[in-house]
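Each chain, written out:
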Amino acid sequence: GAGVSQSPSNKVTEKGKDVELRCDPISGHTALYWYRQSLGQGLEFLIYFQGNSAPDKSGLPSDRFSAERTGGSVSTLTIQRTQQEDSAVYLCASSLGDSYNEQFFGPGTRLTVL
Amino acid sequence: QQQVKQSPQSLIVQKGGISIINCAYENTAFDYFPWYQQFPGKGPALLIAIRPDVSEKKEGRFTISFNKSAKQFSLHIMDSQPGDSATYFCAPVSGGGADGLTFGKGTHLIIQP
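If you're matching them up, the sequences are chains A and B in order.
Residue numbering for the first sequence follows my numbering, starting at 1 and increasing by one per position.
Residue numbering for the second sequence follows my numbering, starting at 1001 and increasing by one per position.
What you were told as hints is all true, and nothing was included just to trick you.
Computed list of chain A residues with no C-beta within reach of chain B, every gap over 10 Å: (1) E14; (2) I26; (3) Q80.
If you want the footprint, here are the derived chain B segments under chain A, 3+ residues with CB under 8 Å: (4) 1036-1047; (5) 1101-1107.
Bear in mind the hints are in silico, worked out from the structure with no lab data behind them.
If you're wondering where the values come from, they're calculated on a predicted model, not measured in any experiment.
For each residue, glycine too, the CB sits at the ideal point set by N, CA and C.
If we strip away everything but chain A, and leave its shape as in the complex, we get (with noise of 0.2 Å):
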């Protein structure tokens, strides 16, 4: 597949627990972003990497989410000890990492705390 693909699509969690999301940006994209998208708050910037490092995580809603990319490829958003207001569309992006390069989305991860 040539775009951005994200894993799993769809999440049902309980309040408490943790959770994983997955990111396999474009091939040969350097950077990668994650995004939040809620009725309530719209789409947030969460983080970005360049390469395996990440330079902002000034979006990070709290100490319970974080985020991690090896191998200069695949990302993962950890949400610890979840809520139910981190019910969200969390979207993941990926471009060739210079400015005014566009950025590509894949499809979202739906996360449902109950």
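Use these hints to put chain B onto chain A, whose structure you have.
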């Protein structure tokens, strides 16, 4: 502080009409002004973008108009079609957006046949 104000929140246009969505910003460091289009169940996709050295950019039926002094830019969809029904987001950035995008709240556009 809200950096980006997008309007209207929702818009209904008859087929063949002109759809206009506006975005006002505060940060004068913004140097790249994209519009994204999102269909239900899909991620956003870049539709059209402009840099501040030009006042207008046209791609097919889609036009961005940019007013630097007013700190506003708008998306015009000419001859609107039902397939244009989607949510549209402005996402102005500084530094070309390499470090992430800040999106407007979105405009839900419905084109009635």
